[in-house]
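Peer 1: Since the structure of chain W is provided, determine the placement of chain G on it from the hints.
Sequences listed follow chains W and G, in order.
The numbers in our numbering rise by one with no breaks, and the one at position 306 of the first sequence is 306.
The numbers in our numbering rise by one with no breaks, and the one at position 178 of the second sequence is 178.
Careful: at least some of the hints might be erroneous.
Said to hold, decoys possible - Each computed DSS-like pair below joins lysine-lysine, with the alpha-carbon atoms no more than 25 Å apart:
hint, chain 1, residue 1, chain 2, residue 2
1, G, Lys66, G, Lys195
2, G, Lys2, G, Lys50
3, G, Lys50, W, Lys317
4, G, Lys187, G, Lys169
5, G, Lys196, W, Lys297
6, W, Lys317, G, Lys196
7, G, Lys2, W, Lys317
Unchecked claim - Residues of chain W clear of chain G, computed beta-carbon distances all greater than 12 Å:
hint, residue
8, Gly156
9, Leu228
10, Val367
Quick caveat, the hints were computed from the structure, so don't treat them as lab data.
Beta carbons are placed, not taken as given, at the ideal position from N, Cα and C, and that holds for glycine.
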Amino acid sequence: MTDIRTELMTLLNENRVRTDADSLGQYGLDWTRFHTPAPSAVVFPRSVDEVAAIVRWANQRKIGLVPSGGRTGLSAGAVATQGEVVVSFDLMRAISDFDPVERTVTIEAGVVTEQLQGFAAEHGLYYPVDFASRGSSQLGGNISTNAGGIKVIRYGLTRDWVMGLTVVTGQGDVLRLNNGLVKNATGYDLRHLFIGAEGTLGFIVGARMRLARQPRNLTVLLLAVPELDGIMSVFRLFNDGMPLTAFEFFSEQALGHVLARGHSQRPFESASPYYVLLEFEAPTDAETELAFSLFEKATEAGWAVDGIVSQSEQQAKDLWRLREDISESITPRRPYKNDISVTVSKAPAFMRELDAILAREYPDFEVVWFGHIGDGNLHINVLKPEDMPIDAFKRECERVSQWVFELVKKFDGSISAEHGVGLLKRDYLGYSRSAEEMAYMRAIKQVFDPNGIINPGKLVP
Amino acid sequence: MKALVAVKRVVDYNVKVRVKADGSDVDIGNVKMSMNPFDEIAVEEAVRLKEAGKVSEIVVVSLGVKQCEETLRTAMAMGADRGILVETEAPLQPLAVAKLLKAVVDKEQPQLVILGKQAIDDDANQTGQMLAALLGWPQGTFASKVVVADSKVDVTREIDGGLETVALKLPAIVTTDLRLNEPRYVKLPNIMAAKKKPLDKTTPADLGVDPAPRLTVLKVAEPAKRSAGVKVASVQELVAKLKNEAKVL
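Bound-form chain W, shown alone:
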């Protein structure tokens, strides 16, 4: 232990190597709460060269390294449980080389999502990848998990905004991948291999990010939907009728947890089993009128019974909070999270069958439904009963997950839509990937990280 610390201090200034219990506990975990953190040290590099030096050292010493960003991950992709050294990107937060013509900008891995969004806004632009943890999550982590979030139906995933990457491979080589080029037909695009690799091939230390033009007058509708089946009918109606920037749903149960925090008011006088939140740009009255006529159709069909429209940015924000605060409001209940997806056209049938499975297998647990259903992504959160030990709870959820994942497989879906695989979903990867595919994944990992030191144990079984 002591010599690891001493050796690391030859690579980095001593106050950027930490081994105190608080730091180890804090940086050894992400937002997942099922593991006991046990790293041997936390280091805070400031440059690409320092990261490369750490990786080369770890190769010689055969010590595992775990990347650490905003630690908002939900699949234990950034937890250190077996004496690894945690590499935190907290000190790499520079934004530079803004190009207003290309609308691109260079960021270091530790830049926080909200920081980039703010930078874009100052320049009259928009960074559209957005989610509730924007105030903590870092771009390096977003890229490593190909983060999705609430604007995917309009703006796609993090992958779509990465124009170039600087990575340090598991061997300690520095690669600069696609320097901002739109067109570059020169073979394997290794950039895309690193995006979503959850830090198993190497560390993402910087990126060239693309920005979008600012949306105009984003308007939010919240609809009260009485039946689970109605959610996708409302989606078809609106998605066919107008361009949407978001389409989310949540259950009354989810709303109950948000309201219990006391920061928000109940949107409708009476409760509805489900709610749909949708968002669109309304630069003129025409868009609002169109949305109203679609709403009338939805009520005539019985899919929606009531609706609210935001009258100001503040109201739009307040309505978004009803959806975005769900995750945080249920965290004290140690939720077991299923983050699953199917293609949108299969979603209605999938949701019906899933509902039946959950009702059958979890008769006594509280199950909270919400998700980015506009892109086929459901977040099913099972809450731990207060008096149940965490291990017994996790075992029970893992038992039910087998049923859920069998269903996902039957619908050709994904067992992890946007949270990644990490440690938590690793052993279930076979439900979404074939044995041959996983063999190729292992082979690729071997090329970039022959000593198996980069984020060991994650993603690839």
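Peer 2: Leaving out everything else, chain G in the frame of chain W:
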């Protein structure tokens, strides 16, 4: 009893305001405009009084450019019965607004006028008070609770050290503070219904008021940029900096 509510169209609370390059004013080109939040509270209070049977009709009035119609429609979707737009392109200052509102009050003869305590754009906090003076009516400003009974209204105000309740004889002026109520969301069906509610237009000339500004704006400037923080190595250094640089010790 008829209630009149004044609503102002302002730059949305969430917009980061920019100053025009020549320093003459705030740049409102392509900026989201919404109802002044304190006026939303005023509308909500009037609607609640109507729901409680204390008020029979709510007239909502706005002064300014044509787009103020949108603000009036929002108020009508919340529950106001009809709208009046005093249309003008001219910049309006609180005294002119108060004079115009007085002219509307003279015509409409409401028993209760509810306004936001101030608008979030100019933070003037003058219109309600000036209107009370021009009409010679009692005023209850910064209301956190409003109780209408018989021919009077009790207004509870948040003041230094506690709450003060004043009893006003109707007709009266009430200006709203933040904690009076939490405005409702606007229902989609009500937006549709609001389009059918009457919206009358008039002008300052029709009302016989000259809205010309009495005050001249010399300069509009952005707040000074905050300088970055520094880390100090020791308590001694901190104390030295507080003494010599911040001069707070």
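Peer 1: All hints, please: hold or fail.
Peer 2: Status of the hints after comparison with the structure:
1. Proximity of Lys66/G to Lys195/G is assessed by CA-CA distance (about 15 Å); at most 25 Å being required, the pair is judged to hold.
2. For the given pair, Lys2/G sits about 9 Å from Lys50/G by alpha-carbon distance, which is consistent with the 25 Å threshold.
3. Under the criterion of a C-alpha separation no larger than 25 Å, the hint pairing Lys50/G with Lys317/W is inconsistent with the structure, at around 28 Å.
4. Pair hint Lys187/G plus Lys169/G does not hold up; C-alpha atoms about 35 Å apart against a cutoff of 25 Å.
5. For the hint pairing Lys196/G with Lys297/W, the CA-to-CA distance comes to about 20 Å; that is within 25 Å, so the pair holds.
6. Proximity of Lys317/W to Lys196/G is assessed by CA-CA distance (about 28 Å); at most 25 Å being required, the pair is judged violated.
7. Between Lys2/G and Lys317/W the alpha-carbon distance is near 34 Å, which puts this suggested pair outside the 25 Å criterion.
8. Consistency note on Gly156/W: stated as away from chain G, and its beta-carbon is indeed over 12 Å from all of that chain's, at 25 Å minimum.
9. The claim that Leu228/W lies off the interface holds: its Cβ sits roughly 22 Å from the closest Cβ of chain G, which is beyond the 12 Å cut-off.
10. With a minimum CB-CB distance of about 28 Å to chain G, Val367/W clears the 12 Å threshold, and the non-interface call stands.
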